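*Asks:* Protein chains in written order, with our numbering: chain A, 683 to 1098; chain B, 683 to 1098.
Read the hints as simulated data drawn from the structure, not as lab findings.
Certain hints may be false.
Which copy is meant is left open, so a pair is good if it fits within one copy or across any two.
Computed list of lysine-lysine pairs in DSBU-like fashion (alpha-carbon distance at most 30 Å, straight line) [claimed, not checked]:
1. Lys839 x Lys896
2. Lys684 x Lys784
3. Lys1071 x Lys896
4. Lys1071 x Lys784
5. Lys741 x Lys684
6. Lys823 x Lys1061
7. Lys1059 x Lys1025
8. Lys684 x Lys862
9. Lys826 x Lys741
10. Lys741 x Lys823
11. Lys924 x Lys1090
12. Lys784 x Lys1047
13. Lys1090 x Lys1061
14. Lys862 x Lys839
15. Lys924 x Lys782
16. Lys780 x Lys1071
17. Lys826 x Lys1065
18. Lys782 x Lys1071
Given the structure is predicted, the values throughout are model-derived calculations rather than measurements.
Protein chains: 2
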Amino acid sequence: MKAFIITIGDELLIGQVVDTNSGWMAQALAPLGISVVGKMTVGDQTEEIRSGLDWAAQKADLVLITGGLGPTKDDLTVAVLADYFETELVFSETAFAKMKAKLSQYQVEVSESHRQQSFLPQSAQLLDNALGTAPGIWFEKAGKIFISIPGVPREMKVIMTEEVLPRLLAQAGEKHILYKTFLVAGIPESELSERLETIEADIPDFLTLAYLPKLGTIRLRLGGVHEDPGILAQAVDTMAEKLKVELQGLIAAESDIPFAQAIGQLLEQQGASLASAESCTGGNIAHLITLNSGSSAYFKGSVVAYANEVKERVLGVRHETLTQFGAVSRETAVEMANGVRTKLETTYGIATTGIAGPTGGTPEKPVGTIWIAVASKDKTVAKKLQLGKNRLVNIEFSSVLALNLLRKVFLVPKEV
Amino acid sequence: MKAFIITIGDELLIGQVVDTNSGWMAQALAPLGISVVGKMTVGDQTEEIRSGLDWAAQKADLVLITGGLGPTKDDLTVAVLADYFETELVFSETAFAKMKAKLSQYQVEVSESHRQQSFLPQSAQLLDNALGTAPGIWFEKAGKIFISIPGVPREMKVIMTEEVLPRLLAQAGEKHILYKTFLVAGIPESELSERLETIEADIPDFLTLAYLPKLGTIRLRLGGVHEDPGILAQAVDTMAEKLKVELQGLIAAESDIPFAQAIGQLLEQQGASLASAESCTGGNIAHLITLNSGSSAYFKGSVVAYANEVKERVLGVRHETLTQFGAVSRETAVEMANGVRTKLETTYGIATTGIAGPTGGTPEKPVGTIWIAVASKDKTVAKKLQLGKNRLVNIEFSSVLALNLLRKVFLVPKEV
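Make a model of the complete structure from these sequences and hints.
*Replies:* What follows is the structure in structure tokens.
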């Protein structure tokens, strides 16, 4: 089955808002065997929306439309759709009752523009929106499906997950869907794909294996669709086991979570705690960890030691270490990791010090030279990285590599 | 003039990469009076690219194409374009020489796939790519312009800035372009637009004023196009002066830079230094500041005091303060700001402590309750925020609001 995505809104065309919805939708549809063959953004204009619908219907069997379902006057998607599908807008008591209930929950008064949102196309099915006031709308015409969903990402996601995907599955004739994601760290994509070549050659037709790489980590998503849920579950389990054996030591989590959260889970399993001492990453490691709710259970804090005097005064790095080896050295990284672990009384300390760039390099220590270190009470390991010249990439990449060093040295469960 | 943007690449369709190029292009074209009327993403398939070109040519006078110019076998844009514009691919000695020079600079060996990149459409003009090996390509056909540019964002930006925009301007008949951006902080967009209503009513036809909002800040971009550079410069100056008077105290920078960099510039102008003490923002303030190259000139570091014991032990927050008022209180925020300032010996200290959520709230201190504080040797100011339930938004928004509190209290130049 082929899908085409239309996103509606002047704010997308002028570059005020970046469209992240369509990528999310494509990833959600993939395990059902539905591939997105194209996407288009049109402004808030009747003719543009209509011609976009014509185009999409030529290219695909399923057309997903997001945006333009809110209460403002610019949002004319519903009216255009009703006209396009030659149906009337009628007042839906059911939709209005649901909306009123939702608004009272948020203590918002019902306005005339809210009431207007309850005029909906007669021939369409309505899709429940658990998080907002505008329902999704499902049309069928000439064997093709057109689904219109609000553009607010969290509303789009809940309608897709709770309404659209189950219906698409049901349409596919009682098929079942299952997927399992592994978060893989410490291996480049090309090497991973070589390593999995034999396993991939044996993969059943109804399963797919997708690589979703992100600076330093790769999400490996195994997805399948089958009529028989038992066969499907067994096939996914078998493949998952093969992957786990092949990728021993490289899997940070068996679910689709951020890498820093995976590290947090491993720390929690050990009942261990962590603190970071950051120079070149400038607080990014602490930021990545504390983005995850519940991180206070294992993360005590960080000392961002940007100035050398802070490395000395707060972290207890020795003055001689800094003068003899420099701030960007194995010795400094090691003392930072141990210093923050001692100071904040944690199980582990993690440290970074380097030249993030784009300037500040020397012939011996060019931009991108970064030392990372991890320490426990009994053991300290340090590693030198040689990255590129892009400051943002250096900060993000070295943060992930430092967390992965912690994982490899201290958090991978002992092999039996 | 109307523009249409085509982005090419399977990675965009499957949701592996989010397209940020088209938004940047739209913003770059706007001051030239060129509006983007639509955009489309197609996969790496000849027929899809061809039909996309047909569609775009129907909708606009200028078609911008990004992606698909790299050396891999998937990238067939050049061949499709040559075929579409009925011209031959010929080996360009000039392009190959430039490429070889660039590769040797990066110490990369010239491969056969690099050589293949120098087969370019005969009837096209080549656009210099200062950062990469694949040049941009400019076609004209039936009064319409088609421009193909690599999809790597930094290469796209340099070709647009150095090659495309100047040529488009020249085509417009020796018109001149000028723009000036103000970074405005501490006022909601709706209020800003009301406040500027009178000024906007008086704006000359050849100037535009665009609002580009981002959590806590708004970039206000004044742009103009005119035949006479003198008239243009004077009009922009006059408008800029009016804006500066009206928005006194709200302008963080008179250029298009990140907010944390603007704060850094103000600190540098004072010869002042800063340290942060972060609980709920978890290192994000330090991260935002240290993303900017040169931040070591004014930023000494941060103590991310996630655990209360770190607030006490490292920042010197009194135990009684924590037990009597709690970690989320004016008193704790004030002691954190002063503690980090004293400990790291900086001119200013900035602190955050609050409940980022989504859980952890109480009836008295619901999720989103956040105290921010700023301190100098002589003065300390604290402020309570009541934000929403989204953890990420709370972290990012309170970081910006804390930096803006620092700006308002200590960094706005004294009015004459």
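*Asks:* Does each hint fit the structure? Answer for all of them.
*Replies:* Verification of the supplied hints:
1. For the homomeric pair Lys839 and Lys896, the shortest alpha-carbon distances inside one copy (21 Å) and between copies (22 Å) are both at most 30 Å.
2. In this homomeric assembly, Lys684 and Lys784 never come within 30 Å of each other (Cα to Cα): the closest approach is 35 Å inside a single copy and 41 Å across copies.
3. In this homomeric assembly, Lys1071 and Lys896 come within 30 Å of each other (Cα to Cα) both inside a single copy, at 18 Å, and across copies, at 27 Å.
4. In the homo-oligomer, the alpha carbons of Lys1071 and Lys784 lie at most 30 Å apart only across protomers (16 Å), although the nearest pairing inside one protomer, at 50 Å, exceeds that limit.
5. In this assembly of identical chains, the alpha carbons of Lys741 and Lys684 lie at most 30 Å apart whether taken from the same copy (8 Å) or from different copies (25 Å).
6. In this homomeric assembly, Lys823 and Lys1061 never come within 30 Å of each other (Cα to Cα): the closest approach is 66 Å inside a single copy and 68 Å across copies.
7. For the identical chains of this complex, Lys1059 and Lys1025 are neighbours both inside a copy (12 Å) and across copies (26 Å), given an alpha-carbon limit of 30 Å.
8. Proximity of Lys684 and Lys862 under a CA criterion of 30 Å is satisfied intra-copy only: 23 Å inside one chain copy versus 45 Å between copies.
9. Both within a single protomer and between protomers do Lys826 and Lys741 lie at most 30 Å apart by alpha-carbon distance, with minima of 11 Å and 25 Å respectively.
10. For a Cα distance limit of 30 Å, the shortest separation of Lys741 from Lys823 qualifies both inside one copy, at 15 Å, and across copies, at 26 Å.
11. With identical chains, the CA atoms of Lys924 and Lys1090 are at most 30 Å apart within one copy only, with a shortest distance of 21 Å there and 59 Å across copies.
12. Only between protomers do Lys784 and Lys1047 lie at most 30 Å apart by alpha-carbon distance; the minimum there is 23 Å, versus 58 Å within a single protomer.
13. For the identical chains of this complex, Lys1090 and Lys1061 are intra-copy neighbours only, at 13 Å inside a copy versus 47 Å across copies, given an alpha-carbon limit of 30 Å.
14. Taking identical chains as interchangeable, the C-alpha atoms of Lys862 and Lys839 lie at most 30 Å apart only when both belong to the same chain, with a minimum of 18 Å there against 38 Å between chains.
15. For the homomeric pair Lys924 and Lys782, neither the shortest alpha-carbon distance inside one copy (51 Å) nor that between copies (45 Å) is at most 30 Å.
16. For the identical chains of this complex, Lys780 and Lys1071 are inter-copy neighbours only, at 22 Å across copies versus 53 Å inside a copy, given an alpha-carbon limit of 30 Å.
17. Taking the shortest Cα distances, Lys826 and Lys1065 never come within 30 Å of each other, neither inside one copy (56 Å) nor across copies (55 Å).
18. In this assembly of identical chains, Lys782 and Lys1071 lie within 30 Å of each other by CA distance solely across copies; the values are 21 Å between and 54 Å within a copy.
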